[in-house]
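Sequences and hints are given; from them, build the entire structure.
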Amino acid sequence: MWFQKQISLNAKSRGFHLITNEILQTISGIKNIKIGLLHIFIKHTSASLTINEDADPTVRQDFESHFNQAVPENAPFYKHTFEGTDDMPAHLKASILDSSLCIPITDGKLNMGTWQGIYLCEHRNHGGSRKLLLTMQGEN
Amino acid sequence: MWFQKQISLNAKSRGFHLITNEILQTISGIKNIKIGLLHIFIKHTSASLTINEDADPTVRQDFESHFNQAVPENAPFYKHTFEGTDDMPAHLKASILDSSLCIPITDGKLNMGTWQGIYLCEHRNHGGSRKLLLTMQGEN
Amino acid sequence: MWFQKQISLNAKSRGFHLITNEILQTISGIKNIKIGLLHIFIKHTSASLTINEDADPTVRQDFESHFNQAVPENAPFYKHTFEGTDDMPAHLKASILDSSLCIPITDGKLNMGTWQGIYLCEHRNHGGSRKLLLTMQGEN
Numbered sequence: 001m002w003f004q005k006q007i008s009l010n011a012k013s014r015g016f017h018l019i020t021n022e023i024l025q026t027i028s029g030i031k032n033i034k035i036g037l038l039h040i041f042i043k044h045t046s047a048s049l050t051i052n053e054d055a056d057p058t059v060r061q062d063f064e065s066h067f068n069q070a071v072p073e074n075a076p077f078y079k080h081t082f083e084g085t086d087d088m089p090a091h092l093k094a095s096i097l098d099s100s101l102c103i104p105i106t107d108g109k110l111n112m113g114t115w116q117g118i119y120l121c122e123h124r125n126h127g128g129s130r131k132l133l134l135t136m137q138g139e140n
Numbered sequence: 001m002w003f004q005k006q007i008s009l010n011a012k013s014r015g016f017h018l019i020t021n022e023i024l025q026t027i028s029g030i031k032n033i034k035i036g037l038l039h040i041f042i043k044h045t046s047a048s049l050t051i052n053e054d055a056d057p058t059v060r061q062d063f064e065s066h067f068n069q070a071v072p073e074n075a076p077f078y079k080h081t082f083e084g085t086d087d088m089p090a091h092l093k094a095s096i097l098d099s100s101l102c103i104p105i106t107d108g109k110l111n112m113g114t115w116q117g118i119y120l121c122e123h124r125n126h127g128g129s130r131k132l133l134l135t136m137q138g139e140n
Numbered sequence: 001m002w003f004q005k006q007i008s009l010n011a012k013s014r015g016f017h018l019i020t021n022e023i024l025q026t027i028s029g030i031k032n033i034k035i036g037l038l039h040i041f042i043k044h045t046s047a048s049l050t051i052n053e054d055a056d057p058t059v060r061q062d063f064e065s066h067f068n069q070a071v072p073e074n075a076p077f078y079k080h081t082f083e084g085t086d087d088m089p090a091h092l093k094a095s096i097l098d099s100s101l102c103i104p105i106t107d108g109k110l111n112m113g114t115w116q117g118i119y120l121c122e123h124r125n126h127g128g129s130r131k132l133l134l135t136m137q138g139e140n
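Chains as they are written, first to last, in our numbering: chain A, 1 to 140; chain B, 1 to 140; chain C, 1 to 140.
In case anyone wonders, no lab produced these hints; they're calculated from the structure. The model shown is predicted, which means the values in this text are computed figures rather than measured ones. Accuracy of the hints is not assured; some may be wrong.
Heads up, the list lumps identical chains together, so a pair's fine if it works in one copy or across two of them.
As the list claims (entries may be wrong) - Taking lysine to any residue pairs in the SDA-like style, the calculated list, with each CA pair at most 20 Å apart, reads: (1) 79 with 17; (2) 79 with 30; (3) 131 with 107; (4) 12 with 100.
Here it is in structure tokens:
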């Protein structure tokens with residue numbers, strides 16, 4: 001049993017954003033899957049996906065601070081600079097984090113831990129709308 | 001053909017630990033799968049999973065040293081500090097590494113390279129027992 | 001519907017290399033899959049896989065520069081040094097990036113974004129040929 005759907009997320013500010021509910025709203029068919037997997041793929045190279053703590057918003061602020069410091073703009077060795085100072089760091093952050101997630105499904109629901117949520121990591125200053133491709137499979 | 005099982009690993013000290021054998025002991029059904037995939041998901045946001053060299057234990061010690069230096073405790077910009085100085089670095093390390101792995105199965109066995117092993121990456125000082133959700137699928 | 005194949009890539013120089021076409025040439029059966037997933041697994045611990053911008057080659061050069069600076073050779077705390085100064089950084093880079101990718105298939109093709117390509121990340125000075133295990137599944 002396979003299901004696939006492309007969705008577009010509204011443009012988000014640079015930073016880390018919880019999108020668990022936006023994802024869940026688009027996969028109502030999940031309720032029919034007893035055991036399965038949800039694969040989420042982002043079709044961009046300057047934004048990414050990760051799973052982390054969904055309770056305290058300062059965690060997401062600290063993610064933005066950490067990655068800005070670990071992957072700085074204007075590193076003297078960057079050659080790919082013509083799309084702006086935020087572009088090359090965005091590509092690097094996207095690969096350090098992830099372009100896809102795979103989340104288990106059990107009895108019709110995502111089976112994540114109590115504090116886990118899905119983050120959209122927007123690494124550009126003006127990234128615009130982002131396209132996600134959702135692929136769900138499993139057995140009834 | 002789908003199989004899913006949640007397991008709990010005994011509490012481990014902060015650092016990187018080989019868990020390949022602990023995983024294999026819980027998935028005896030793997031012997032019936034000709035081609036497939038094993039998905040391993042950690043239901044926590046301050047511990048993670050990765051695959052790396054399983055032979056020399058100093059590799060795992062160097063992982064701990066590197067990540068402590070690359071993601072330090074007490075960074076001046078951290079706002080999420082009330083759960084201890086090891087907490088925010090643990091969240092960051094978990095996203096830099098991975099919350100899940102997907103490993104190919106061939107002829108009833110995990111088909112990894114000669115030197116590859118599965119690491120449980122415990123980023124907290126006292127993380128306690130960790131829950132993994134194993135989802136296996138494939139064809140006979 | 002499952003398909004699995006091991007391939008060997010020719011030895012590549014240290015750095016980041018586009019391998020999208022090399023992958024596509026080995027999975028002609030993809031044209032029969034309406035919805036599915038391609039899993040690519042690298043059977044090594046000092047080379048890795050990621051998805052990023054496939055247009056401008058300076059992006060890949062900046063990847064090499066960034067990771068050399070973020071994960072330096074000769075860090076004073078490394079204990080695993082007997083395989084050369086490029087070895088321990090290679091293990092770390094492999095886990096920061098990824099040992100596997102999972103890419104959606106739609107209507108017989110990989111469904112990636114316009115600018116996305118598959119990178120082989122060679123972290124050793126003389127890594128030699130690298131083995132990839134491709135596992136493809138889906139429905140007609």
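Okay, the hints, checked on the actual structure:
no.	hint	in the structure
1	79 with 17	between (29 Å within a copy, 17 Å between copies)
2	79 with 30	neither (45 Å within a copy, 36 Å between copies)
3	131 with 107	between (27 Å within a copy, 18 Å between copies)
4	12 with 100	within (18 Å within a copy, 26 Å between copies)
Hint 2 from the list above is the single one not met by this structure.
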